[in-house]
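J.: Work out the full structure: start from the sequences and follow the hints.
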Amino acid sequence: MFPKPIEKQPRGAQITYQAMLPLALLLWLGPLLAVALFSVKPAADFTNANYWGMPSSFEGAYNYGQVFFNSDMPRYLLNSFLITVPTVIGAVALSCMTGFALGIYKFRSNLWIFFMFVAGNFVPFQILMVPVRDLTLELGLYNTKTGLVLFHIAFQTGFCTLFMRNFIRALPFELIEAARVEGISEWRIFWYVVLPLMKPAIAALSVLIFTFIWNDYFWAVVLTQGAESQPVTAGITSFNAQFRAAYQLMSAGSIVAALPPVAMFFLMQKHFIAGLTLGAVK
Amino acid sequence: MSAVDVPEQESWFHRNQQRIAPWLFLAPGLLFFMVYVIIPVFQSFNLSLYEWDGLGAAEYVGFRNYEDLYWEWVDRDAFYISLKNNLIWLIMYLLSIPAGLFIALFLNQTVWGIRLYKSLFFFPFVISQVVVGLVFTWFYDPTFGLLNEFLGLFGMGPLNILGDERFVTYGIIFAGLWPQTAYCMILYLTGLNAVDPEQIEAGRLDGAKGGRMLWHIILPQLRPATFIAFVVTIIGALRSFDLISIMTQGGPFGSSRVLAYYMFEVALSEYGFRMGYGAAIAVILFLIMLCFIAYFLWSMYREERGH
Numbered sequence: 001m002f003p004k005p006i007e008k009q010p011r012g013a014q015i016t017y018q019a020m021l022p023l024a025l026l027l028w029l030g031p032l033l034a035v036a037l038f039s040v041k042p043a044a045d046f047t048n049a050n051y052w053g054m055p056s057s058f059e060g061a062y063n064y065g066q067v068f069f070n071s072d073m074p075r076y077l078l079n080s081f082l083i084t085v086p087t088v089i090g091a092v093a094l095s096c097m098t099g100f101a102l103g104i105y106k107f108r109s110n111l112w113i114f115f116m117f118v119a120g121n122f123v124p125f126q127i128l129m130v131p132v133r134d135l136t137l138e139l140g141l142y143n144t145k146t147g148l149v150l151f152h153i154a155f156q157t158g159f160c161t162l163f164m165r166n167f168i169r170a171l172p173f174e175l176i177e178a179a180r181v182e183g184i185s186e187w188r189i190f191w192y193v194v195l196p197l198m199k200p201a202i203a204a205l206s207v208l209i210f211t212f213i214w215n216d217y218f219w220a221v222v223l224t225q226g227a228e229s230q231p232v233t234a235g236i237t238s239f240n241a242q243f244r245a246a247y248q249l250m251s252a253g254s255i256v257a258a259l260p261p262v263a264m265f266f267l268m269q270k271h272f273i274a275g276l277t278l279g280a281v282k
Numbered sequence: 283m284s285a286v287d288v289p290e291q292e293s294w295f296h297r298n299q300q301r302i303a304p305w306l307f308l309a310p311g312l313l314f315f316m317v318y319v320i321i322p323v324f325q326s327f328n329l330s331l332y333e334w335d336g337l338g339a340a341e342y343v344g345f346r347n348y349e350d351l352y353w354e355w356v357d358r359d360a361f362y363i364s365l366k367n368n369l370i371w372l373i374m375y376l377l378s379i380p381a382g383l384f385i386a387l388f389l390n391q392t393v394w395g396i397r398l399y400k401s402l403f404f405f406p407f408v409i410s411q412v413v414v415g416l417v418f419t420w421f422y423d424p425t426f427g428l429l430n431e432f433l434g435l436f437g438m439g440p441l442n443i444l445g446d447e448r449f450v451t452y453g454i455i456f457a458g459l460w461p462q463t464a465y466c467m468i469l470y471l472t473g474l475n476a477v478d479p480e481q482i483e484a485g486r487l488d489g490a491k492g493g494r495m496l497w498h499i500i501l502p503q504l505r506p507a508t509f510i511a512f513v514v515t516i517i518g519a520l521r522s523f524d525l526i527s528i529m530t531q532g533g534p535f536g537s538s539r540v541l542a543y544y545m546f547e548v549a550l551s552e553y554g555f556r557m558g559y560g561a562a563i564a565v566i567l568f569l570i571m572l573c574f575i576a577y578f579l580w581s582m583y584r585e586e587r588g589h
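Top to bottom, those sequences are chains A and B. Heads up, the first sequence is in the working numbering, so the first residue is 1 and it goes up one at a time. Heads up, the second sequence is in the working numbering, so the first residue is 283 and it goes up one at a time.
Certain hints may be false.
Stated by the list, open to error - Okay, derived cross-link-like pairs now, DSS-like style, lysine-lysine, Cα gap no bigger than 30 Å in a straight line: (1) 106/A - 4/A; (2) 4/A - 270/A; (3) 199/A - 106/A; (4) 4/A - 491/B; (5) 491/B - 8/A; (6) 4/A - 400/B; (7) 400/B - 270/A; (8) 491/B - 400/B; (9) 270/A - 8/A; (10) 199/A - 400/B; (11) 8/A - 400/B.
Everything labelled a hint here was simulated from the structure, so no lab data went into it.
T.: In structure tokens form, the structure reads like this:
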């Protein structure tokens, strides 16, 4: 292990390390903790310039209550779910198939198609912006969740294909050959042999895509407007306009908006990190 | 496949299954990707040769949009400032790689509770950039921001980072480094986990310690992690949009714009829709990105051949 395990260091170093850990964490999450503190303060603290002292009263319930019952925030959260979940399902489903096609079969254009997916996944959003917005308008899907979902599925298919293809490549190919010798059709090989083995990849990708899409801001701004279809990332700007200068509410709103992917991360940590670090180790 | 065991009544589809199957599996994904990603890239290239307000008829203007950009005839002090800021983003953002490595080395221990520490250090990456932007806007706030409280302790300040043309871009980048460093950290933590202990032992026997050990024995083994960290950091730097939009909207006086934000502003803002002009900016951003994409693909290609 590198660096040298702290247990093998002198006692002094061990104590220093143990003390530094929480300090470093506090420093690292400082800005966020500040927002968490803001979110439980009463409005009076801000008018009295009591920004960093103890809250004069604990108003967490009231502030978060305002966010949930007196703003469009629940609507935005619901929109975010209705955009994120179908995207995850769609992108994962499509990429299971593309990944299978590119990972299992040998044909001449295989690598080129694969590289096309990879390259497309890296392009700047702005070069897609005007044509995608026009297409969405033409389809009559501008300012709808469906319009956003369709684009997200298409774009995420790039990354997901990269992920799935590499995952399938690492599976034992003899399994597929054995199935073929048995005369099992290709579709059944996909469904009964490969798909069950892809469960960890599907789990990892689902969590990752959930986070990516939940946190998307650019496309939300380009393809939607207004509370009926905007996800929470875009909604929070209107929310902040509504509660201008009410820092306790803006803080509470931000925390609420950030929470679902955070929860997802802590619940599915293993899969999340496995997905994120695929390829980081040989 | 041997022809012997193929019964004669088998359909054409059955016989050619293995040649057709990949295309059937590819079809839906490929269709989506073509319509929403690949074709729009070319459409944008085409559009950049037109002048179009998004509603009326588009007028062909050849390379005039690019000339306007080059000479800054339309917006003074916009294109080159954005370009310069993009460069600053690219260079500064790369700091997240050594920073991530540093934190990973700090956390690569097995003391009690370390797993929770690792998760909490990774935390900023999971939060949306919109929230990161808000958090740091308040962090920098000249009247109550934590930063100025801190500077005040040393009798400095108050500094209005986001209101000052000299600091604003660095201020936003610093906010962006926060989640990006977390990402690089997790890549390196995973990499460090897989470092070959025998090589470390061998190094220790040869008297390698600390920095020399890191440089000669650990880092070479972390190459795959470094490569991915490099890829995601470059892409992240050139995609910077959310933070700028949330924290400054390109201000003050356009001094924190980058190409991605400038393009959005031109094509979809209250100043009127200049789609063709915006497309030209997008094409330039795309060409910058293309250099990196080509490099990534080339590395992947070598890798594939190596197998």
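J.: Does each hint fit the structure? Answer for all of them.
T.: The hints, checked one at a time:
1. 106/A - 4/A: Between residue 106/A and residue 4/A the Cα gap is close to 46 Å, so the pair fails against 30 Å, i.e. violated.
2. 4/A - 270/A: 25 Å, holds
3. 199/A - 106/A: Status holds; Cα separation ~24 Å.
4. 4/A - 491/B: 9 Å, holds
5. 491/B - 8/A: 15 Å, holds
6. 4/A - 400/B: 18 Å, holds
7. 400/B - 270/A: Between residue 400/B and residue 270/A the Cα gap is close to 12 Å, so the pair holds against 30 Å.
8. 491/B - 400/B: Holds: residue 491/B and residue 400/B sit about 25 Å apart, inside 30 Å.
9. 270/A - 8/A: Between residue 270/A and residue 8/A the Cα gap is close to 28 Å, so the pair holds against 30 Å.
10. 199/A - 400/B: 26 Å, holds
11. 8/A - 400/B: 21 Å, holds
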